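Visitor: If you read the sequences in order, they're chains B and H.
Take the first sequence: its position 134, counted from the start at 1, is 134 in my numbering, and no numbers get skipped.
Take the second sequence: its position 157, counted from the start at 1, is 157 in my numbering, and no numbers get skipped.
It is possible that part of the hints are untrue.
BS3-like cross-link-like pairs, simulated, lysine-lysine; straight-line CA separation at most 30 Å [said to hold, decoys possible]:
no., chain 1, residue 1, chain 2, residue 2
1, H, K136, H, K100
2, H, K54, H, K70
3, B, K57, H, K100
4, H, K126, H, K136
5, H, K71, B, K49
6, H, K147, B, K57
7, H, K137, B, K49
8, B, K57, H, K68
9, B, K79, B, K49
10, H, K126, B, K57
11, H, K143, B, K48
12, H, K68, B, K48
13, B, K70, H, K147
14, H, K71, B, K48
15, H, K71, H, K100
16, H, K71, B, K79
17, B, K70, H, K137
18, H, K54, H, K126
19, H, K68, B, K49
20, H, K137, H, K54
21, H, K136, H, K147
22, H, K136, B, K48
23, H, K100, B, K79
24, H, K70, B, K44
25, B, K57, H, K70
26, B, K49, H, K136
27, H, K100, B, K44
28, H, K137, H, K70
29, H, K98, B, K57
30, B, K48, H, K54
31, B, K48, H, K70
32, B, K48, H, K100
33, H, K70, B, K70
A few chain B residues that don't get close to chain H, going by computed Cβ distances all over 12 Å [to be verified]:
no., residue
34, M21
35, K32
36, Y40
37, E43
38, G45
39, K48
40, A53
These aren't lab readings, by the way, just hints derived from the structure by calculation.
Since the structure is predicted, the reported quantities are computational estimates derived from the model, not experimental observations.
Glycine included, every Cβ here is placed at the ideal spot set by N, Cα and C.
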Amino acid sequence: MSSKDKKTWDELFAFSDEAEMLEHEADMLSLKIALEITNYLGEKGISKKELAAMIGKSPAYITQILRGDKRINMVFLAKIVQKLNVNLDFRLDTVIEGDAELLADALKINKDLNIATCNVIDFRTSLQKYELKASR
Amino acid sequence: MIHNKSRGKPKEKLDKIKPGVNLSLRIAKRLPNLHTSNQLQSLTGREVILYVDKNFELDLFSLLQEEKIKKKFRMVAEFAMSDRYSDDLYGHERNSEKSKDVCAIKICVLGNHRIYCKEFFASGIKRIVLIKHVNKKSNSFNKELRKLVDRIGEYSYEFQG
């Protein structure tokens, strides 16, 4: 890849601002939960259609949620917990300091934004493990 | 692009090379690192690297100019880079033994987009080469797509970057 091409791709992949980066973080958090739900449904042999009927939503809505097209909200999660009779556990873990440099490098942000980015890292203490456990 | 004289509609040309005949080494260019959220740790511990077929680079770049598509691409790419598979996001598109390593990035935003890829495995590394974009009009895995994935399955690459 020539340096010119790389710059162009870098520009394409760079976030325009912090807000856009946080939107992506939120999407990935939602997707992470969606994947846990998908795994649970698979283990229990529950189809998306059956889940839709259980929580009073359309199958299309469930599909959009589970493939990350729509972000999961707390009401949806509460319905999952209630109707599937499961517990939802999560844990906050501090991100290793070095990640800030890696992130800044990946974003190609300038020095003026570094402080803001570090704040994002502190705020972004990763929700590393969501576990849906059968309450039984 | 070639034109179908009988209907007058432009028809996209897939490949001049017949399946299994004289497949030359293609060039795969490494894509720059995407910012990842670190929400999805690698399932296998294997490093996953994204490449683009040099012949597809401009098309991919053009496709990703659409913000909504780029946004979803980011998500699915991060998912694929965690060495996971899902029928809804990034999964195998196998038609025969030839296409056992062919997968598709699925972007159901502003259409029903598929970016067909081929995976290459080395010790501790998986390389995913993005090769071809198709905006599917139906959910069927039709004859043309079967032919396409088998052809992609035969591609071999020189990796750059």
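Visitor: Given the hinted pair H:K98 and B:K57, is their alpha-carbon gap at most 30 Å?
Guide: violated, 40 Å
Visitor: Can the restraint linking H:K136 and B:K48 be considered satisfied, given a maximum Cα separation of 30 Å?
Guide: Holds. H:K136 to B:K48 sits at ~23 Å (cutoff 30 Å).
Visitor: Verify that the Cβ of B:Y40 lies farther than 12 Å from every Cβ atom of chain H, and report whether the claim holds or is violated.
Guide: Check passes; 14 Å lies beyond 12 Å.
Visitor: Does the structure keep H:K147 and B:K57 at a Cα separation of 30 Å or less?
Guide: violated, 38 Å
Visitor: Keeping to a limit of 30 Å between CA atoms, is the pair of H:K68 and B:K48 held or broken?
Guide: Status holds; Cα separation ~25 Å.
Visitor: Compare the distance between the alpha carbons of B:K57 and H:K68 with 30 Å, and conclude whether the hinted pair is satisfied.
Guide: holds, 25 Å
Visitor: Is the straight-line distance between the alpha-carbon of H:K126 and that of H:K136 30 Å or less?
Guide: holds, 27 Å
Visitor: Below or equal to 30 Å on CA atoms is what counts here, so check B:K70 against H:K137.
Guide: The given pair, whose Cα atoms are some 22 Å apart, holds under the 30 Å limit.
Visitor: B:K48 and H:K70: Cα distance at most 30 Å?
Guide: holds, 27 Å
Visitor: So is B:G45 really clear of chain H, every C-beta pair being over 12 Å apart?
Guide: The assertion about B:G45 holds, with a minimum of 16 Å to chain H.
Visitor: Taken at face value, is the distance from the CA of H:K70 to the CA of H:K54 at most 30 Å?
Guide: holds, 19 Å
Visitor: Straight-line Cα separation of H:K71 and H:K100 no greater than 30 Å?
Guide: holds, 28 Å
Going through the hint list in order, the structure does not satisfy hints 3, 6, 10, 13, 23, 24, 29, 30, 34, 35 and 39.
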